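Chains A and B, in that order, are what the protein sequence lines are. In the numbering used here, each number is its position in the first sequence, counted from 1, plus 112. In the numbering used here, each number is its position in the second sequence, counted from 1, plus 112.
Think of the hints as simulated: they come from the structure by calculation, not from any bench. Keep in mind the model is a prediction, meaning the values are calculated, not measured. All clues stand as given, with none of them false.
Computed spacing ranges between beta-carbons, pair by pair:
| hint | chain 1 | residue 1 | chain 2 | residue 2 | range |
| --- | --- | --- | --- | --- | --- |
| 1 | B | R484 | A | S155 | 38 to 46 Å |
| 2 | A | P329 | B | A137 | 45 to 53 Å |
| 3 | B | Q313 | A | S345 | 43 to 51 Å |
| 4 | A | D190 | B | Q313 | 27 to 35 Å |
| 5 | A | Q133 | B | A186 | 50 to 58 Å |
| 6 | A | S207 | B | Q195 | 54 to 62 Å |
| 7 | B | S191 | A | T274 | 28 to 36 Å |
| 8 | A | Q346 | B | A186 | 25 to 33 Å |
| 9 | B | L343 | A | G423 | 28 to 36 Å |
Note that beta-carbon positions come from the ideal geometry of N, C-alpha and C, so glycine has one too.
There are 2 protein chains.
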Amino acid sequence: MYSKQILLGLLCIISCNLSAQTQDAESIKQIFNETLVNGKAYSWLEYLTTNIGHRLSGSVGAASAVDWSKTELANIGDSVWLQPVTVPRWIRGESEEAYIKGRGKKDMIKLNVCALGGSVGTGPDGIGGNIVEVQNFEELKALGANRIKGKIVFFNRPMDPTAIHTFSAYGGAVEQRVSGASEAARLGAIGVVVRSMGLDQEDYPHTGSLVYAAGAPQIPAIAIATKHATLLSQRLKANVDLQFFFETHCEIMPDVQSYNVIAELKGSEYREELIVVGGHLDSWDLGQGAHDDGSGCVQSMEVLRIFKMLGIVPKHTIRVVLFMNEENGLRGGIEYARIAGATGEKHIVAIESDNGGFTPRGFNMNASTEFRNKVLGWRPLLEPYGLTDFTREGGGADISPLAGTGIPLIGYMPDSQRYFNYHHTAEDTFDKISKRELELGAGSMAALVFLIDKYGTK
Amino acid sequence: MYSKQILLGLLCIISCNLSAQTQDAESIKQIFNETLVNGKAYSWLEYLTTNIGHRLSGSVGAASAVDWSKTELANIGDSVWLQPVTVPRWIRGESEEAYIKGRGKKDMIKLNVCALGGSVGTGPDGIGGNIVEVQNFEELKALGANRIKGKIVFFNRPMDPTAIHTFSAYGGAVEQRVSGASEAARLGAIGVVVRSMGLDQEDYPHTGSLVYAAGAPQIPAIAIATKHATLLSQRLKANVDLQFFFETHCEIMPDVQSYNVIAELKGSEYREELIVVGGHLDSWDLGQGAHDDGSGCVQSMEVLRIFKMLGIVPKHTIRVVLFMNEENGLRGGIEYARIAGATGEKHIVAIESDNGGFTPRGFNMNASTEFRNKVLGWRPLLEPYGLTDFTREGGGADISPLAGTGIPLIGYMPDSQRYFNYHHTAEDTFDKISKRELELGAGSMAALVFLIDKYGTK
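Here chain A stands alone, though its shape is the one from the complex (with noise of 0.2 Å):
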């Protein structure tokens, strides 16, 4: 039996914290409101994505983006600074075509491709010979040196359709892109093809990075578009000897000078605490960055604007971090660590949107026990907004260099099942964002960023 103060007591505890509840109900239902109302987040996307377009490192596009975002937070934010980050630049070149070799001009079939970021170029001569499909690197060193010098490598590895979060099949084939060119050089190809990372058959290819490795000749890399690996793949099996050819005008610069844009609301009561919202502002040179990640950077941004207009004084600082060249080299965002921890700045968490803007579905994090028990409880409060699913390990490329401090590093997840349509390619336009998406995300965002500010991250 429990004494009437007791329960007293009990009622008031519970009554207190509903009360709470309530509140935080009521401030996350403004925060959404203000974006889906007054939101600055699609126009923002409009202008990154259709009068700057794509961004990539060490690209008049890339400068116009920190030009641009610099200005743009610099309305909204306490202080506004820019980064200097030294980043790699690679360029794609004129032209980029292969196609099977047939008897005359009139049979040769063309096909859909585009260089590798980071790859080397053909020179203008182009290279073909015969193509050797494989679906993996066992398959590969299995064929040997014999059966591999002086060829083309053609990477089929398809990826699973039966992923239902489609990262996890990106997961298990972009290898052959990343390390695809070295692992075959090492054996004498001269070079290498690699299906896109695409799950639908379509008609346009997907770049992204690849490595080379340290000793490994540095041979040319292109990606096919998912419809034509298949329709290479077929006419091998008719004909194993089929010239395959194909011709890239990229090369590798020196290194230029750009920076991260970092903008900043000052916190009333932990100054120095620094709770980081970000994506990255580069982009590659297909497309125009919308999803990736033109959408993780206005969702950043509108976090700012959204806590500004509603007049919430955050206790900590809230800083937005725009990160340069996450796409081919993480400059950006290994720079942005390294003078954290040079300075001595205390982050308590770093939450990343690159995984498109699209309707949400919830947060992947690394971080403690402690901390992903703490968001599960708010699980009532972001359940509304169809943010259901907090298990996921993650968190974000760019804030991935944070890891060493020990804070909770978190990524913003949308629905996966339309992100690889887009992906590194031509398709990954303004028109693909739908308007409401966009700002759930950024409204999602900012509820975690008020929740986090509230009850820390202990």
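For this one, chain A is given, so just place chain B on it according to the hints.
Coordinates of chain B only, in the frame set by chain A:
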């Protein structure tokens, strides 16, 4: 303290349950794999939307859709038949236009509009005159016959952008479209312009049914693109005497013969007990009826195909029903329920997909608490596929006439954010469909049918 026997018994119950759940998880995985790898929903939808096109009741397209779907279902089902339904036939006519009059032809502002389904036409000379903006029926009534008589009424209440589930926003605005004409006509209005049921600022109008109230004069009604509704409202604020003109040539024709298309996979144990899964085959006469409701039709057909291809023999009979005339009469749904009642058919559940072909969120229901709890118990099996929301009221228009039987009525509930970009517009075309999202919807419905078939509804 428990005895050893009781403990062993408990362990057995737990492990048997676990084993059943593991088996169910495996079956559901196979269901999703089948549709993601070998699915026909997407190619079926391509044919239905791009070869046949739109298919308003009584149109050539509707008749073709009946023939085509019967033929396709005959390849899968144990039996297929057509259920005769007499449907209304409304035709839009050759042209429709609206403008704000100016001093001369040059000052005229053309507006993007379309007649509302079921509306009478204006006659060859169109109608013109003053236009009065109202937000709701209360405002209309407050103005009264004095201020409305002889004028055009402009219903301009927007859908609420802060409603996270967009169907709620639709529910809060659609009375203007359905009943606005008669409400205005009772006060002597000569025509009605309704803000389109869309959340964004769009260039294209949304059609949809109006219902003329008995005894009210039947006046012509059009929908105006949201962007132009905003423009018209601004112009009216600047000039209350603004002259508005519109012309439509729609006609209400005599009823014609059409059909519900029905196919079955016979049950092994409870052959006479029916699990219905369906969508509606008719669409509006703008666009291609891809999300509304080509998606629901091909997903329902896919449920049957999945069971057949996986060799899952259902205990109950699974019946696919492609209903005719959901959009402007619901005659198919009403006739289906009438025949079911008259012949004493035993239905145990009806599931409809008519909320678009988007990524899965859950199922809404019109069902007993007992049944809701049963579905909630299946949540661990459904969550991995994005199905997390089972609390909403719902069902589907076509299955709603079965409500009297007391069986659970269930609606497949995909994400709702993009639905009202396409609903009832020229933009509802095949290219707006994500193959994976469509397939996941089919898998979701098949998984639910599998669980209901195995465990029943009690």
